[in-house]
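Kindly produce the complete structure, drawing on both the sequences and the hints.
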Amino acid sequence: MKPAILYDDSWEKFLEKELQSASSPGSLSLFKLTAETKNRILPSDFNGLLAPDFLPHIQFLPHQIKTAQTVMEEMNGTAILADEVGLGKTIEAGLILKEYMLRGLVSRVLILAPASLVSQWAKELREKFQIFALVQRKKPDWSWNGVQIASIDSAKQSKFADVFSDTLFDMVIIDEAHRLKNPATKNHQFVNGLNKTYCLLLTATPVQNNADELFHLVSLLKPGLFGNNGFFQTQFKDGKRSMQNRDAFHALLKQVMIRNVRTNVEKEPIKRFVQTIRITPSKEEKAFYESLSDCLPGAITLLTLQREACSSKYAALATLIKQEGFAQTNTAALAGAIKQNSKADKALDIVKQLNEKVLIFTQYRATQQYLELFFRSHDIPAVSFQGNFKKGKKDWMIELFKGPARVLIATEAGSEGLNLQFCRHVINFDLPWNPMKLEQRIGRVHRYGQNQDVYIYHLAYKQSIEDRMLALLYEKIALFQTAIGKLDTILDQNWIEDHLKDAFHTSKSVGEWEIKMQNLAAVLE
Amino acid sequence: MPFLRTFFNACECRILEESNDSLTVQLTEEADRALMNRPFYWHYKDQLGQPGDPLAFTFFTKDPGRLLKYQEEYITFGSPRFHQFLLYAQKRASFIKMYETSISSKTVQLEPWLFVHFHLSYEANGKKEKLVPLALHLISGTFSNNFSEKLTSLSLSHMIAPYHYVLSPLITPASGLNRMKKRLRQDIIQEEHDWAKSALEKKKIELALLDSFFEQNEENNAHFEREKAAIIRRFEPVIRISVLNGGLFYIAQNGR
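Line order of the protein sequences matches chains A and B.
Quick note, the first sequence lines up with residues 1 to 525 if you use the working numbering.
Quick note, the second sequence lines up with residues 526 to 781 if you use the working numbering.
One or more of the hints may lead you astray.
Derived Cβ-Cβ restraints for the label pairs, each shown as a range [to be verified]:
#, chain 1, residue 1, chain 2, residue 2, range
1, A, Pro56, B, Val657, 26 to 32 Å
2, B, Glu740, A, Asp9, 40 to 46 Å
3, A, Gln452, B, Ile757, 46 to 52 Å
If you're looking for bench data, these hints aren't it; they were derived computationally from the structure.
Where is the CB? At the ideal position from N, CA and C, for every residue including glycine.
Structural data, given as structure tokens:
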């Protein structure tokens with residue numbers, strides 16, 4: 001078999017004209033320089049990476065190089081990058097993009113990211129890879145012939161449908177691609193309709209509920225890898241949740257997906273010191289906590305309410321206040337009697353001792369507001385961070401935290417995509433029921449780029465619901481992590497999470513919840 | 526980066542200062558207009574009929590680790606700036622005419638050679654490239670195998686020296702170029718093309734997967750065609766030939 005040979009005659013066209021003119025003095029050295037330099041930088045082999053030599057100012061980690069190479073050599077530029085949070089998926093995608101650009105295989109590129117991460121993408125590409133991308137904002141111009149970054153929401157509007165059906169992208173990169181798992185959504189259909197040669201999907205959580213999601217993600221990249229939907233259902237699925245023919249399934253999955261896990265990647269890992277601090281509640285706090293069962297609102301379980309109270313009285317009051325006549329209850333009076341939050345005092349102690357930046361996580365807006373005021377009243381500059389802040393405000397908060405502020409107080413919802421490697425202390429002011437959420441939190445500081453050991457402090461009231469959670473969930477966290485983190489068991493993740501959620505939200509009492517958790521742990525062991 | 530020094534010397538820009546990690550250069554007007562991306566400034570000066578003030582610029586080849594000022598830049602082989610320079614060098618010397626000069630009191634007869642750097646690009650699910658230099662004697666029609674090395678030992682000028690005269694080509698440069706292309710094709714056909722075979726193999730597998738996914742489902746025809754086209758773009762092997770640069774070289778006979 002002989003491949004087709006195409007000849008580009010653009011040089012030839014000017015030959016007759018050039019023959020008539022004389023050369024300038026420097027032209028011989030430019031002539032030689034061009035040939036020598038070109039010879040030096042051209043890709044002399046199909047395999048291997050050029051990009052690291054072209055970007056001497058970045059130290060790539062071995063797993064990042066290996067990932068880029070595998071995507072290029074074995075996956076032909078269509079892959080799901082599913083590294084754990086904080087291992088540098090963006091770096092890997094940038095490296096792959098740069099490699100394809102240097103080889104001249106890719107020039108028109110569309111990057112789709114959540115709106116809040118668009119500028120961050122542009123910055124990383126510019127500073128790390130010297131790729132200058134156009135950020136599409138209010139009035140996008142999709143005809144741009146280079147690298148462009150947009151939010152999927154702005155791109156999928158129906159008024160642009162014609163433009164996209166006529167445009168061929170050499171490469172499409174989609175960040176947080178788990179948003180495409182449902183084929184009935186506009187997001188999925190939009191990406192499915194794009195004309196693309198190469199495609200990268202980035203997500204830390206390729207599966208959230210069931211294996212069908214994985215089928216739909218893969219079908220965006222490589223339709224037919226698992227056969228069609230009917231074949232997939234009969235061949236690989238067994239009922240709604242379980243899988244069969246796992247080995248065959250994983251073998252296929254490995255053709256399109258790479259998942260690096262922290263424990264395999266780091267030779268000298270940054271150490272993580274976790275300290276659980278059990279705090280004795282004050283008399284007033286204890287009384288308030290114990291009175292909660294007397295005024296339980298209809299739709300909320302006692303567990304939920306108790307957890308709120310463990311964060312701060314304000315978090316619990318935000319729920320309780322909605323009841324009619326609450327102000328007259330005994331509980332309201334007890335809440336009023338609490339003058340100090342023992343946890344906040346402890347957090348203040350930690351912050352004062354450290355003399356470093358500290359990141360504090362809470363799940364409740366009310367607690368967040370309270371803490372911000374609390375720290376300020378003690379002359380410690382603190383700022384808040386929430387998911388619903390506008391892009392500019394988010395950036396500004398991070399800049400403040402880098403600069404004058406000592407403490408950043410974040411709610412869960414705000415943490416996606418946050419890079420805070422300059423900070424290495426995290427206080428968990430309250431504890432989420434799902435230990436994986438905790439990993440997400442810690443991942444904000446314990447991530448690619450962190451070069452110091454990381455310190456984590458869990459705050460929990462003695463003899464409270466949190467105390468039980470610690471015993472049940474967090475001391476077994478290693479068990480959950482091994483069960484959840486690995487590629488081979490990635491499909492098991494969802495049922496564990498389902499059980500965790502179910503156990504917490506439907507249990508009527510702490511006792512019931514404890515029994516469910518012990519059962520789950522027994523199964524895992 | 527020795528590239529920078531050679532480049533600016535060849536463009537007749539004066540090098541003001543040079544260290545291991547940096548180079549400061551005074552641009553000429555021509556270089557400023559071509560390289561500094563400031564058309565408005567030059568347009569403004571042209572309209573006023575005033576002479577412009579070309580920039581002096583510093584390039585760092587190692588990250589200086591501080592914020593850069595205006596007229597400073599960090600340059601690596603990955604920078605767009607580097608590729609801009611390379612492209613400019615290629616365009617400025619895309620075709621050259623050179624004459625051998627020797628110190629001689631007798632007349633020297635120079636013979637014409639066509640010398641071309643071909644750029645070959647092998648593309649399938651990846652890409653490799655190479656440069657092939659070819660030199661053809663435009664009177665005898667013979668190819669030289671070591672023309673590039675020979676050039677380095679000669680002294681060449683863009684103007685013909687006194688007491689030197691040139692023989693006209695019997696083969697026109699255009700037909701010389703055609704002979705080169707023919708020879709190039711023959712060489713390529715002789716090569717082993719395992720890369721193309723394996724790419725076609727992969728293409729076949731992927732197309733089969735695609736068929737299994739759609740199973741003649743008429744509704745999704747557009748989607749099917751789109752995916753099929755993408756597979757063909759990714760895997761269809763092709764070899765592209767273009768000319769990087771070339772020139773007419775007049776060389777004394779004993780230099781052949």
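Checked hints:
1. A/Pro56 / B/Val657: 26 to 32 Å: holds, 29 Å
2. B/Glu740 / A/Asp9: 40 to 46 Å: holds, 44 Å
3. A/Gln452 / B/Ile757: 46 to 52 Å: holds, 50 Å
Comparing the model with each earlier hint shows no violations; every hint is respected.
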